[in-house]
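Participant: In case you want the letters, here they are:
Protein chains: 2
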Amino acid sequence: MNATELGLPMTVAAQGLPARVRIHEVGARDGLQNEKATVATAVKAEFVRRLAGTGLSTIEATSFVHPKWVPQLADAEDLYAAVADLPVSLPVLVPNERGLDRALALGARRVAVFASATESFARANLNRTVDESLAMFEPVVRRAKAEGVHVRGYLSMCFGDPWEGAVPVPQVVRVCRALLDMGCDELSLGDTIGVATPGHVTALLGALDGADVPVAALGVHFHDTYGQALSNTLAALQRGVTTVDASAGGLGGCPYAKSATGNLATEDLVWMLRGLGIDTGVDLDRLVATSVWMAAHLGRPSPSRTVRALSHQEQ
Amino acid sequence: MNATELGLPMTVAAQGLPARVRIHEVGARDGLQNEKATVATAVKAEFVRRLAGTGLSTIEATSFVHPKWVPQLADAEDLYAAVADLPVSLPVLVPNERGLDRALALGARRVAVFASATESFARANLNRTVDESLAMFEPVVRRAKAEGVHVRGYLSMCFGDPWEGAVPVPQVVRVCRALLDMGCDELSLGDTIGVATPGHVTALLGALDGADVPVAALGVHFHDTYGQALSNTLAALQRGVTTVDASAGGLGGCPYAKSATGNLATEDLVWMLRGLGIDTGVDLDRLVATSVWMAAHLGRPSPSRTVRALSHQEQ
Numbered sequence: 001m002n003a004t005e006l007g008l009p010m011t012v013a014a015q016g017l018p019a020r021v022r023i024h025e026v027g028a029r030d031g032l033q034n035e036k037a038t039v040a041t042a043v044k045a046e047f048v049r050r051l052a053g054t055g056l057s058t059i060e061a062t063s064f065v066h067p068k069w070v071p072q073l074a075d076a077e078d079l080y081a082a083v084a085d086l087p088v089s090l091p092v093l094v095p096n097e098r099g100l101d102r103a104l105a106l107g108a109r110r111v112a113v114f115a116s117a118t119e120s121f122a123r124a125n126l127n128r129t130v131d132e133s134l135a136m137f138e139p140v141v142r143r144a145k146a147e148g149v150h151v152r153g154y155l156s157m158c159f160g161d162p163w164e165g166a167v168p169v170p171q172v173v174r175v176c177r178a179l180l181d182m183g184c185d186e187l188s189l190g191d192t193i194g195v196a197t198p199g200h201v202t203a204l205l206g207a208l209d210g211a212d213v214p215v216a217a218l219g220v221h222f223h224d225t226y227g228q229a230l231s232n233t234l235a236a237l238q239r240g241v242t243t244v245d246a247s248a249g250g251l252g253g254c255p256y257a258k259s260a261t262g263n264l265a266t267e268d269l270v271w272m273l274r275g276l277g278i279d280t281g282v283d284l285d286r287l288v289a290t291s292v293w294m295a296a297h298l299g300r301p302s303p304s305r306t307v308r309a310l311s312h313q314e315q
Numbered sequence: 001m002n003a004t005e006l007g008l009p010m011t012v013a014a015q016g017l018p019a020r021v022r023i024h025e026v027g028a029r030d031g032l033q034n035e036k037a038t039v040a041t042a043v044k045a046e047f048v049r050r051l052a053g054t055g056l057s058t059i060e061a062t063s064f065v066h067p068k069w070v071p072q073l074a075d076a077e078d079l080y081a082a083v084a085d086l087p088v089s090l091p092v093l094v095p096n097e098r099g100l101d102r103a104l105a106l107g108a109r110r111v112a113v114f115a116s117a118t119e120s121f122a123r124a125n126l127n128r129t130v131d132e133s134l135a136m137f138e139p140v141v142r143r144a145k146a147e148g149v150h151v152r153g154y155l156s157m158c159f160g161d162p163w164e165g166a167v168p169v170p171q172v173v174r175v176c177r178a179l180l181d182m183g184c185d186e187l188s189l190g191d192t193i194g195v196a197t198p199g200h201v202t203a204l205l206g207a208l209d210g211a212d213v214p215v216a217a218l219g220v221h222f223h224d225t226y227g228q229a230l231s232n233t234l235a236a237l238q239r240g241v242t243t244v245d246a247s248a249g250g251l252g253g254c255p256y257a258k259s260a261t262g263n264l265a266t267e268d269l270v271w272m273l274r275g276l277g278i279d280t281g282v283d284l285d286r287l288v289a290t291s292v293w294m295a296a297h298l299g300r301p302s303p304s305r306t307v308r309a310l311s312h313q314e315q
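Protein chains in written order, with my numbering: chain A, 1 to 315; chain B, 1 to 315.
No lab work stands behind these hints, which were simulated from the structure alone. In this text, a Cβ means the ideal position worked out from N, Cα and C, and glycines have one as well. Check each hint, because a few of them may be wrong.
[Said to hold, decoys possible] To spell it out: a stretch of chain B is covered by chain A in this simulated footprint if at least three of its residues, at any positions, have a beta carbon under 8 angstroms from a beta carbon of chain A; those stretches are: (1) 3–10; (2) 67–77; (3) 100–114; (4) 268–277; (5) 300–311.
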């Protein structure tokens, strides 16, 4: 018998944590966008469909970036059309007004823009300064809001930057405030290179609270590069955060290592939340089965420890 | 440049955590005892020597069990003699009075016995009931204390058992009390199958406090089977625990999967503690280099995420 059949983990609630967490599932977009081999649209659609079948309520579907930048997502229209009937939220990324046009034409009701907390990454990823990129997003957010569309603002490099090293907390707070002030409904605080630790998470959330950023508008997006994603998540839950980004099977690793770890694996998150008695609505066994299925398509094992343990998957 | 060269992780202390943590390094014993291929005594000794060179102050060296049970540790005498000059604590495991005789003959100043919180594991591992195994340890502990030797009591299956599933907290507290009452100086609360979650950790530590078990006498020994070891460690630190067991490079995995994860990797722990500003005395870069060196000897990569990230090690 595996652990879940034995009734493990035991559920023992901890004080001061939320009763419910919404998981923002990014495996289909963030997880697959860096795959070298093309993943067939039908496989992606089936993946999204299976994810929806696990009880996940928010499944980021794709990104309407120019195919030149992310060839893996060149099928955004076809994929979105193939899953639009699912009874879940299907946010999509839009880098600019052209991307928003494409998303709106398909009837998308949730979009996301992606900003950077550092000048170096804004330059590398968007070829703009931080303020220039905010200026680019402003009309996107305004038009989306005018259409009644929910807007998420991703913020990269909130805890460290591969060129600049340390990222001062006030610098992150400033960009968060700017994104909310232009109309974003929700922010996702990204630890893009996985260097956050729990005290840093607590400090940033405290500073955002001090800047009148409501915790209900915040999600956290941790990477497991140094194995810290779950302890950072625990620190965020202790500060009242109720939206956590994760990627089924831990899809979306660093480019330099096979099965290396980028995104927090949804299964590892669900395991912890189940133990804490925090409701997610997710069926863990179905989720593990979905990640095992996807891993077979990709031809390499999941880096999720929970997937490995529950599926007795060889590395 | 890697992250440490960039000054990452940023150090941001969190309230209510200890200023200093003692890492009880188990890689040389717990990590290597299940290796199928024999590791040469000289390699093990060099491993212990390099670990000592990283600043680790407590390095569990070997186990004086009968070689029939753990063939990999049949060289306990030779290994201990080869490292006894190191200026660190070198605890050794002793299952019974014969083992204690061997350890004392070599001048060991710290020994450990290993008990079980569950009847199923006591039967499987010690071929005794829990109470019979406690009776077996009692003269071992008494004699060790009479010799002025420090005694650690390991307690397995504190959070779940692969036969019994849930393990009630009061059952764990009872065995902890018994081990302390017979003279153990320190306990190590083992999550042998990795099923603990943070609320469970908090609850057990609270119950032990209620049973007058001083937190200073407690260490935690988490496994990363489901990726939970560090968040459980954070919960333990928040309850005042200052002794944490870990294994360099995450050595000591589940037998069923190559590079699968058993013990918490010391590097992942040191990374978190460094970020939290908690002093460990450990040089992380030297520790990573030691684990990379050992991984080359074992012919497979380290499962530690921090080792992989800092060494750019392919999986």
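Participant: Indicate, hint by hint, whether the structure satisfies it.
Facilitator: Outcome of the hint check:
A count of 6 residues in the stretch 3–10 of chain B with a Cβ less than 8 angstroms from any Cβ of chain A is obtained; the coverage claim is therefore met, three being the minimum. Residues of the stretch 67–77 of chain B with a Cβ under 8 angstroms from some Cβ of chain A number 0, which does not satisfy the need for three, so the listed coverage is violated. With 0 residues bearing a CB less than 8 angstroms from a CB of chain A, the stretch 100–114 of chain B misses the requirement of three and the coverage assertion fails. A count of 7 residues in the stretch 268–277 of chain B with a Cβ less than 8 angstroms from any Cβ of chain A is obtained; the coverage claim is therefore met, three being the minimum.
Against chain A, the stretch 300–311 of chain B contributes 5 residues with a C-beta closer than 8 angstroms to a partner C-beta. That satisfies the three-residue criterion, and the hint holds.
Consistency note: the structure conflicts with the earlier hints numbered 2 and 3.
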